[in-house]
Amino acid sequence: MTDTPRAAPAEEAWEAVIGLEVHVELATATKMFCGCSTDFGGAPNTRTCPVCLGQPGTLPVTNRGAVESAIRLGLALGCDIAPSSQFHRKNYFYPDMPKNYQISQYDVPICRGGALEVSTDTGTTTVGITRVHMEEDTGKSLHIGATGRLHGAEYSLVDYNRAGIPLLEIVSEPDIRSAEEAAAYVAELRAIVLALGISDAKLEEGSMRCDANVSIRPRGSGAYGTRAEVKNLNSLRSLRRAVAYEIERQVTHLEDGGEVVQETRHWDEDGGRTYTLRTKETTEDYRYFPDPDLVPIEPDPAWIEEIRASLPELPAVTRARLMEVHGLSREQVAVLAGAGLVAVLEEAVEAGAEAGEATNWLTNEVVAWAGERDADPARALAGVHLAELLALVADGTLSKKLAREVLTDVLEGGGTPREVVAERGLEQLSDEAELAAVCDQVIADNAEAAEEVRQGNAKAIGALVGGVMRATQGKANPQLANKLLRERLAAE
Amino acid sequence: MIDLVTRSALELRDLVAAGEVSAVDVATAHLERIHATDERVGAFLRTLDDEALAHAADIDRRRAAGEDLGMLAGVPLAVKDLLCTRGVETTAGSRILADYRPPYDATAVIHAREADAVIIGKTNMDEFAMGSSCENSAFFPTRNPWDLGRVPGGSSGGSAAAVAAFQAPLALGTDTGGSIRQPASLCGLVGVKPTYGLVSRYGLIAFASSLDQIGPFARTVVDAAELLTVIARPDPRDSTSIPKPPPNLLAGLDDGADGLRVGVVAEFFGDGLEAGVRTRVTEAVERLAGLGADVVEVSLPHAPYGLPAYYLIAPSECSSNLARYDGVRYGLREEGATSAAMMAATRGAGFGTEVKRRLMIGTYALSAGYYDAYYAQAQRVRTLIARDFDAVFANCDVIVGPTAPTAAFPLGAKTDDPLAMYLNDIYSVPASLAGIPAMNLPVGLDDDGLPVGLQLMAPMLDEPVMLRVARALEAAVGFATTPRGPEALEAPAAA
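These protein sequences, in sequence, are chains A and B.
Per our numbering, residue 1 is the first one in the first sequence, and the count goes up by one each step.
Per our numbering, residue 1 is the first one in the second sequence, and the count goes up by one each step.
Chain B on its own, in the form it takes in the complex (with noise of 0.2 Å):
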């Protein structure tokens, strides 16, 4: 069965489709693989095995009745569960929604059912996608399936580890400042965030609504780029969807790098960078050059303001989106004598402490008197950083830089110290900000055998041009996403 999971989604899906493996075989193959492992790596919230078992024996069905499959049709997909699913537990990794089962399933997995794509659970994260490392999950942290001592990364951090650790081939993140780059970088993965807009967010339970957008998880370039085409629809229940046809991504995904102008952003090289990870960054650059990129180096003067910015218009927006979680309507009721006292109680209960944190800056971030100092001053800052990148993008194609100035670090290194932590999005919030497109290619290990990843960003919906350099790099790279070997995970604990 090792077999099976160690395939990308796009072989499962070729298998399936000549018959040669059935989709009840692949399906059980992960689901095996995730309940072997995953005491110990902690990636899923849920496993789905009798949804999944059901979908793919109806797949399976369909094949042998000579139906058309979807494009994912038999490929095991792993969902971050901050996506809404009908009538499964839906907690956004949080006490206060411990229980919530929601009416409605989220459009982006709506269009990863109908792709046929096998949902075989539901993975941990960060509250409410608030964190960097996992450990903010209301129920346990994820581990890094590389190194089980260190955070796999976050807020999507189990998405990552369950790629990774090779229970799922596919996966669905979100990300806000970085939460599908970040844990891709230290889980040695591509994770994509595509431009605001490209992907619907409705059933995307809200953390902060201009920035979050939902992307894949994948082990090649090619499987994100597939299952990003999956979801990459216009939505007429999101507003901010943006209402004409996506780019084709898969088309010119083979043709190389050469001729293409690529900036590197001289303020992600400054202080906080870690030695192993600019090394690796180094030479993925010098590698772009020798496939015939024209490499040049390329300034975002306001881009060291995006942290600040970032930090506080999210927290603003949570203060907003979270105020819904007061115990009338579903979730964690705490009793009280008054409505008031009852909702205080309530959110005082099913809240963690980084929630309650941002939730505390975003109040005071708007409040009469704060409001142009603070959020409105961000706001500012970050059309400010729009226009360096419109600046950029005049002459380059995709701009890279590192992803995340460390490489995966160990479990509550940073957990006393939020600055420590929040300075993890240092190079991810400022595409997040603009709105532009941005990934991960894992390019490298550092000296500690651990994952380094490359950040490549490109100017609005020109996902193409950057899908199309990452895959060059990658197939110069030759990065393999190999975990001490799938096999490790499933021996006991050393000691």
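One chain only, chain A, in its complex shape (with noise of 0.2 Å):
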């Protein structure tokens, strides 16, 4: 499913170059030089102390556990840990920076050459990872005017509570060759970060960004063509939706003997095109040098060891591990991640739930309730709780109707599955002599239908089996009703 479906003989005559910059918002406790928590959603100005504020004569100290957070993404990338690395400034003039420069890494980041794996319908690839750097963020601009915007507002507010959270940067090679490619490596590193629980990765609300530098070139050329970065990417399909207009975009433009410019390009997601925020001629000589605050980043090796000891198994290996030990589908397993449900699911094996059954359940039921609340599925059940609830549909006690209510119950904090079922009274009627009592009565109350049943009328037998529901509230176990009522009309 393309957007902007290309012209068959450009996609065969051009190759598309992309690399993307990743921004990662770290769930440290800590902002990244000071001590101000990082907690979302404070009013106004709040979250902020003299250090983020930049205020006169205070001084940045760096956030160790952002540095953990470097160190755990780079060891998981796969890249080399500097041994020492530094901070540099960037400046520039924007009101929602306190300091009017950005303290960022440079010529020495953190982390440098890496690899992901990435795989799509067409295949697997690998793209190289230059970097992965620390910086902080920005404040947050409110222009209040006609526009909403900086040109043209009457007046402009400054929150600061975002003002110094850290951010890690990854920057991918320009080794991504389609749209689809750039979604799957975003969702592959967005997998990483949330096993190794850096960050909460949100590219809806930006706790995780995402930039596209984007060229084309002749294949089968070796050199690289000029390229456009494309801004405002704030969910997977944005990103692709965005590539695949820049590729279509620059084929064009080259087909009609034009030429393309080195800019920084917008995506207007309702418009569903690019358009430039700003050419290379202004843009601005950040005069990057080291920060003379900062004392180089020199992590101990053996505390990088105790990092790597302390990886989680990687999102890569998960999903190979689910498909070959439980048999499940590449697809399957692609939804249980993306809803960030495996572990849930191997809780829930563990406790002797069947693994496909369970998936099932993930992947329908759960995956559809948490949609339709925005909720995260793995806080709102526990895999032991999944287990109990098939136990009871495996029992008898729970028809899969049932089972569905007492599930959302579950879901909504009701308590386990057993407390819901027994606080709702929704045990199935499964008692046989209780039952015939109740068949016999709906027998009588529905002469007709039975009659058409003595006939030979097999279908009409719903009827009554609809009748005996009716009259348990929908406990009746239903095979048990239907068996109940072929006997007695059999019988006469």
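Think of the hints as simulated: they come from the structure by calculation, not from any bench.
Any given hint could be a false lead.
To be verified - Computed footprint of chain A on chain B, listed as stretches where at least three residues anywhere in the stretch have a Cβ under 8 Å from a Cβ of chain A:
#1 88–102
#2 121–127
As the list claims (entries may be wrong) - A few chain A residues that face chain B, going by a derived Cβ cut-off under 7 Å, partial list only:
#3 Gly-54
#4 Pro-95
#5 Thr-279
#6 Pro-292
#7 Glu-324
Claimed, not checked - Label pairs and their calculated CB-CB ranges:
#8 A:His-143 <-> B:Arg-46: 51 to 59 Å
#9 B:Gly-252 <-> A:Leu-314: 53 to 61 Å
#10 B:Asn-248 <-> A:Pro-44: 29 to 37 Å
#11 B:Tyr-364 <-> A:Ser-84: 43 to 51 Å
#12 A:Leu-142 <-> B:Pro-410: 53 to 61 Å
#13 A:Asp-285 <-> B:Pro-245: 49 to 57 Å
#14 B:Ala-476 <-> A:Asp-285: 51 to 59 Å
#15 A:Gly-145 <-> B:Ala-57: 52 to 60 Å
Note that CB positions come from ideal geometry on N, CA and C, so glycine has one too.
Each of the two chains sits in its own frame; use the hints to bring them together as a complex.
Okay, here's the thing in structure tokens:
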């Protein structure tokens, strides 16, 4: 499914060359260079202190937790961890940047030279990781006025709660060749970040951000074309659409005899197009130089090994294991992983659930529930509770229909499946004597339907089963009710 | 009251501790001295009478109650207006921060207050510490108490003038390329620039971060060592602070110079050194030999490149450090049609000429295409200078030379010639670039009756040896900080 289809001849003649810059907001308790909380959503300017407000005389101190997160990601991506790396200042004036420089890493980043394997429908490719570096986030400007943008604003307000939040920037080699690969790369990177627990990595909320450098060249050429940097990619869908659009735009432009100019372009999600944000002539000289307020980062090799030993299983390994051990399909694994439900599945299997059955419940019911409520399903459901629910279905206590209701209650925080069943009196009615009495009453009340069954119209039994279900408020075991009704109507 | 203001910090502390005078009396005497003289000296941007008297009264109360007192209990302290004081205007000598009240205290200020030093006021300075005469203050120039027609030096000119004028026995200054040592030299005081990282820079409004250090002004070596002891502590808020206990600065102070090897820097006695300064400094070196020191001539071959390297590195860092003064969050704001116009108007109106000059130089030096030729090249020179010092210190305990090429010069003499002004720093910047401790010791008067200073330099964290040699020479020289006598300043200005 490509939103912007490309003309076949162009696709054959041209090759896209794509590199991605991904920013990840770290989930450390405090900011990159001060002790302020990183909690999202406080009243404006409440998560600030003299340091992150850039008050005169204040100094930054590097957050060790952020360095650890950078090393974790670097190791997971197979990067070399620099024995000594450095912070630089990136100088430019902007009101939401308290010091009018950003502390970032420049020519000596903490991690270099990793790789990420990326799979799409058309195959698997390895994307090189150029570097992973640390930096601080800026504040947020709110422009008050008709346009809602800086130009034309009557005045602007700035919230510095975000200023100083630690970021990792992950820069890929220009190894990506299609919009699909770009999206798959970001999805895989996100899965790794989530597995490492270093960020909640939400593209829509900006805790993971992505810029795409796109160029094209004649297929077979080793040289690079002029690239455009595309910004404002707030979902995997935006990324896929924007890159596809940009490839198409550049191909059309070159085939029409034009030239691609080096520039920054903005993706307009509603319009489905990119437009020029700034050209190379107006890009700034950031006057990078080593930040004299900070000392080089020189992680103890023993600490790096400790971090390496503490790395969790990486998503690619997990996926292979799920497919091999539990016989799940690639698609099922993808849905489970995308919803963050792998651990829930494994816990359920550990607690006795059958993997295929548990996966069906997770990828259908649980994912649908989470989608409707925009909730994190892994927080709402414990694997042991899923196993318990499936056991209740297997032993006939719950019908599948009732089990769905119980699951919803469990997801909404109503307790364990057994607690919900007990509280709501939902046990399936499987007592033969009790159910036989109900069946006799239903036959007596529906003489016409009963007669039809006796005459050999097997379909008519449905109305009688429905009567039994109504009479028991849905608790009757439908298979048992069916059996009892047939016995009675055959005997007469 | 004259009696109290001429006392050393240690004498005042002991008098207060013994209950012979109250801390309130000491503070009152100094505040009265300031109010009687400062209209003519211009050392203070503001005095903190109420806060000082309240702190002094608290010290007296605690003494009466038998509680422990800090090691500078009751000693008045003047603080350069580059150090943040919570809730009290801290201007950096600039119009752009004229009404700025920091929400926190500098670490050095906290340590001084915890030692029960009584902060009596904030002192004048060259704007953002850029200058060597105190004439770059956005508010008014400070005058040299030895001769009110002359400058006190800079940038910590207010702190130097306050101690020389007996307005305070101690002051805190900051030194980036000589801003403590040069005014100490011009005002006849002891002034110490510690090893880079010995004193926390947290709360020091940055000029050039890799060079800035806080240090003491005093009229005696012992007083300076006491104040430095109070402020020299590791600080987790400053990543460049040395994370280990500081050396003991007081233990061996009276051990003399006998048997120590003292290097005399050949490059510091070339053209541009005033004859009167040369004479007094040479005499001081001879006295050191007389004290039993082994005096040898040494060479710092790259030292002559120190000044140009310094005037690239410091402006480069300041061009970034001063970017935050944009009118958005604090300080001056000039309105503009856009945020960029507002920032430009604010900075245009808020910064003085010298600050703008250095911002321009630094911005240029860091620009793409010029970085390697200027900033990176200056950093290479810095490394070479540090190696020169290492080589010399392999054979010397301390090295000496003049602190400044001239004695105090008349106000206005160099304001139209920035290069002439920069040359004041020619002997002080090498130690700054190397990060080593250096200090000024007054060693006599020139033919105009103006103080001349000797600079002493030591290896990293070897302040104890440097102060010990200074203490020995101080006793031998017998220099008295008596600028025309303390009473002279109280009389009406001569016509």
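Do the numbers back the hint for Thr-279 of chain A, that is, is its least Cβ distance to chain B under 7 Å?
violated (17 Å)
Can you confirm whether chain A covers the stretch 88–102 of chain B, using C-beta to C-beta distances below 8 Å and requiring at least three such residues?
holds (count 5)
Closer than 7 Å between Cβ atoms is the bar; does Glu-324 of chain A clear it against chain B? Give me holds or violated.
With a minimum Cβ separation of about 49 Å from chain B (threshold 7 Å), the hint on Glu-324 of chain A is violated.
Holds or violated: the 51 to 59 Å window for the beta-carbon distance between Ala-476 of chain B and Asp-285 of chain A?
At roughly 56 Å between Cβ atoms, Asp-285 of chain A and Ala-476 of chain B fall inside 51 to 59 Å, so the hint holds.
Is the hinted range of 43 to 51 Å satisfied by the C-beta distance from Tyr-364 of chain B to Ser-84 of chain A?
violated (29 Å)
Would you say the C-beta atoms of Leu-142 of chain A and Pro-410 of chain B sit inside 53 to 61 Å of each other?
The hint (53 to 61 Å, Cβ to Cβ) holds, given that Leu-142 of chain A and Pro-410 of chain B are roughly 54 Å apart.
Are Asn-248 of chain B and Pro-44 of chain A spaced within 29 to 37 Å by their CB atoms?
Given range 29 to 37 Å: violated, Cβ gap about 49 Å.
Whether chain A covers the stretch 121–127 of chain B (at least 3 residues having a Cβ closer than 8 Å to its Cβ atoms):
violated (count 0)
Should the interface hint for Pro-95 of chain A be scored as holding, given a Cβ-Cβ cut-off of 7 Å against chain B?
With a closest approach of 5 Å, the Pro-95 of chain A hint holds.
Lying within 49 to 57 Å: is that true of the beta-carbon distance Asp-285 of chain A to Pro-245 of chain B?
violated (44 Å)
Against the range 52 to 60 Å, how does the distance between the Cβ atoms of Gly-145 of chain A and Ala-57 of chain B compare: consistent or not?
Once the Cβ atoms are compared, 54 Å apart, the range 52 to 60 Å for Ala-57 of chain B and Gly-145 of chain A holds.
Interface restraint verdict for Gly-54 of chain A against chain B (beta-carbon cut-off 7 Å)
Hint holds; Gly-54 of chain A Cβ to chain B Cβ min 5 Å, cut 7 Å.
Of the numbered hints listed earlier, those contradicted by the structure are 2, 5, 7, 8, 10, 11, 13.
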